[in-house]
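Just so you know, the protein sequences line up as chains A and B, in that order.
First residue of the first sequence: 323, per our numbering; consecutive thereafter.
First residue of the second sequence: 42, per our numbering; consecutive thereafter.
In case anyone wonders, no lab produced these hints; they're calculated from the structure.
Where hints are given, some of them may not hold.
[Said to hold, decoys possible] Estimated spans, in silico, between C-beta atoms of each pair:
#, chain 1, residue 1, chain 2, residue 2, range
1, B, Thr-293, A, Lys-495, 50 to 56 Å
2, B, Ala-101, A, Asn-456, 52 to 58 Å
3, B, Thr-69, A, Gly-464, 52 to 58 Å
4, B, Pro-154, A, Pro-364, 53 to 59 Å
5, A, Pro-364, B, Asn-217, 35 to 41 Å
6, B, Met-165, A, Ala-491, 52 to 58 Å
7, B, Gly-167, A, Ala-344, 55 to 61 Å
8, A, Lys-495, B, Asn-217, 36 to 42 Å
9, B, Ala-219, A, Asn-456, 24 to 30 Å
Note that this is a predicted model, so its numbers are computed, not measured.
We put the beta carbon where it would ideally sit given N, CA and C, even for glycine.
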Amino acid sequence: MNPDATSISIRNVAKTYDDGTAALKATDIDIKAGEIVALLGPSGCGKTTLLRSIAGLETPDVGSEILFGNENVVDVPSEKRHIGMVFQHYALFPTMNVAANVAYGLKVRGVAAADRNARVDELLEKVRLTAFANKRVQELSGGQRQRVALARAIAPRPRVLLLDEPLTALDAKLKESLRDELAELLRQFGITAIHVTHDQQEAMAIADRLAVMNRGVIEQVADARTLYEKPATAFVAEFLGHINALDCDTLKRIGVESAADSLYMRPEHVRVDVQDRGELTGQVTRIIYQGDRQRALIAIDGAQLIKADVTAAETIRVDQRVGLSFPRERLFALSDKK
Amino acid sequence: MSRGQGNARRAPVALRLCVAATLFFVITPIILSILAGFVVNYPTGLKSGLTTRWIQEVWAVYGDTLARSIVLAFACLVIAILIGTPCAYALSQIRSRWARALEELLMMPVAVPGLATALALILMYGHFKGFRSSTAFILVGHVLFTLPFLVRTLIPAFANAELRALDEAARTLGANFAQRFLGVLVPAVLPALAAGALMVFTLSIGEFNLTWMLHTPLTRTLPVGLADSYASMRLEIGSAYTVIFIAVVVPTLWALQAGADALQRYFTKNR
Numbered sequence: 323m324n325p326d327a328t329s330i331s332i333r334n335v336a337k338t339y340d341d342g343t344a345a346l347k348a349t350d351i352d353i354k355a356g357e358i359v360a361l362l363g364p365s366g367c368g369k370t371t372l373l374r375s376i377a378g379l380e381t382p383d384v385g386s387e388i389l390f391g392n393e394n395v396v397d398v399p400s401e402k403r404h405i406g407m408v409f410q411h412y413a414l415f416p417t418m419n420v421a422a423n424v425a426y427g428l429k430v431r432g433v434a435a436a437d438r439n440a441r442v443d444e445l446l447e448k449v450r451l452t453a454f455a456n457k458r459v460q461e462l463s464g465g466q467r468q469r470v471a472l473a474r475a476i477a478p479r480p481r482v483l484l485l486d487e488p489l490t491a492l493d494a495k496l497k498e499s500l501r502d503e504l505a506e507l508l509r510q511f512g513i514t515a516i517h518v519t520h521d522q523q524e525a526m527a528i529a530d531r532l533a534v535m536n537r538g539v540i541e542q543v544a545d546a547r548t549l550y551e552k553p554a555t556a557f558v559a560e561f562l563g564h565i566n567a568l569d570c571d572t573l574k575r576i577g578v579e580s581a582a583d584s585l586y587m588r589p590e591h592v593r594v595d596v597q598d599r600g601e602l603t604g605q606v607t608r609i610i611y612q613g614d615r616q617r618a619l620i621a622i623d624g625a626q627l628i629k630a631d632v633t634a635a636e637t638i639r640v641d642q643r644v645g646l647s648f649p650r651e652r653l654f655a656l657s658d659k660k
Numbered sequence: 042m043s044r045g046q047g048n049a050r051r052a053p054v055a056l057r058l059c060v061a062a063t064l065f066f067v068i069t070p071i072i073l074s075i076l077a078g079f080v081v082n083y084p085t086g087l088k089s090g091l092t093t094r095w096i097q098e099v100w101a102v103y104g105d106t107l108a109r110s111i112v113l114a115f116a117c118l119v120i121a122i123l124i125g126t127p128c129a130y131a132l133s134q135i136r137s138r139w140a141r142a143l144e145e146l147l148m149m150p151v152a153v154p155g156l157a158t159a160l161a162l163i164l165m166y167g168h169f170k171g172f173r174s175s176t177a178f179i180l181v182g183h184v185l186f187t188l189p190f191l192v193r194t195l196i197p198a199f200a201n202a203e204l205r206a207l208d209e210a211a212r213t214l215g216a217n218f219a220q221r222f223l224g225v226l227v228p229a230v231l232p233a234l235a236a237g238a239l240m241v242f243t244l245s246i247g248e249f250n251l252t253w254m255l256h257t258p259l260t261r262t263l264p265v266g267l268a269d270s271y272a273s274m275r276l277e278i279g280s281a282y283t284v285i286f287i288a289v290v291v292p293t294l295w296a297l298q299a300g301a302d303a304l305q306r307y308f309t310k311n312r
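Assemble the whole structure, with the sequences as input and the hints as a guide.
So this is what it looks like as structure tokens:
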């Protein structure tokens, strides 16, 4: 692991604007040194506010604590926090060439020219931009610019790397390739990284753990598999894919006893039998072809509508009668839905 | 075939006529004035013959005003940039009512007649005799008058959201305010600064209202000298003065404009 990497503890960090709007409610999260954590959520969920508070670009409410290792940096100005940050729209210095951009953080800290140049060369090689060292940043493509921005942020060996929607400005194809490259580079650097995004694929590809945020609150922090399979809240369950809520009537009919009013199951876990055999039967009301599979909307006789996935090869049509089964191990409860 | 000869991009006839008429309207008096500076006797016209006598006389009597005006314009430019740039940055960052009021106040010297501004300056500094009779006194007036133009040009450039992101990027990289201001922010607004500077220089070199009140016989500037010559000498002398004014100012402005354009191109290329 990178010796510069620091652990980060967020304690009671909140941000309330002058007009009383709470962009971020009292939040706690611990990030291990060298760990990559994604702050994931829809726009306005407070993820960027939290990131900018960690960066020192936003002043959180009184009582907030942001610990880098054991040091509370909440009153330390951004320029003294020794962080690296990558911005959505790159924010490269237009008056400097690629090498000068990467060197900037070293230069303002008074690193000698020889050491500076060596570090710049090393990083440009890492991001495969050695040939572009003397190019003006305006001559680069979006993906190249973001790689320069990454090299620039990493060059001064920051304690933590903060990424604010780093891939959002890129087109879909490029986004995917840069996403994988970014995931690889961050692991090579072994740096503590906090990555803000609204794209769950991106978060899953890059981060070790994901903190799903909604309305200024972290709803759940876990690895991608746990979030998907054992979501703690309805919001998390719905933000990462789709869910069926089985109401108490349906539960009774399949013989499941539950203290909760509803239990939940993902569409791909509902078993569909085209021979009309199963715990319950129903009628297909709609089929959505999705390339790798088909999603069927099935009305259970006299009861609710269920979303269920079948393979793309399966012959299934609207109005067909089908059987449905609900594997018990795939049923889960949600804490915020009683 | 060279660029611009294609018929496709030709302007409509009416527009071209309109441009031609405007050019004629603007340029003819200047041409007449230049001509008057070279004829022996203006009322007689070209028949009286051509001469450089008037030019030489102007040079002998008013030569010093030329140098003073150019030095004054450059000094005004430097001071306006040194004061105006930080001032514009501050105003662009503070979005309070007071900052807006201050910005309006800054525009006062443009709206208030130059004579009134000059009077105020004389009331304030008139009793510092050495200062009152020096070119520096005129310089103060020029800075006061031209500063708003520079500040007004720079405020939107500094308020740009992209620039804010650059400032934040520099902060996260460890740059203190001075490093960010001089190394990132000012270079990023250079095109606007160049445009504002050009305006300051142009306004200063042609400024008459204020200067006329502030000058002494020993601190005449080019426009004041021009007024003197028109008022007190032959028409040909005044016209010859115009010739010199144009011969000096136009190339200087062209050079400054070319510099500003080059900056603009450099910073906007491939954006």
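Here's how the hints hold up against the structure:
1. Thr-293/B - Lys-495/A: 50 to 56 Å: holds, 53 Å
2. Ala-101/B - Asn-456/A: 52 to 58 Å: Since Ala-101/B and Asn-456/A have Cβ atoms about 55 Å apart, the given range 52 to 58 Å holds.
3. Thr-69/B - Gly-464/A: 52 to 58 Å: Holds, since Thr-69/B and Gly-464/A (Cβ atoms, about 53 Å apart) stay within the stated range.
4. Pro-154/B - Pro-364/A: 53 to 59 Å: Between Pro-154/B and Pro-364/A, where Cβ atoms are some 58 Å apart, the hint holds.
5. Pro-364/A - Asn-217/B: 35 to 41 Å: Hint holds: Cβ distance 36 Å, inside 35 to 41 Å.
6. Met-165/B - Ala-491/A: 52 to 58 Å: holds, 54 Å
7. Gly-167/B - Ala-344/A: 55 to 61 Å: holds, 59 Å
8. Lys-495/A - Asn-217/B: 36 to 42 Å: Once the Cβ atoms are compared, 40 Å apart, the range 36 to 42 Å for Asn-217/B and Lys-495/A holds.
9. Ala-219/B - Asn-456/A: 24 to 30 Å: holds, 27 Å
In summary, the structure agrees with every hint in the numbered list given earlier.
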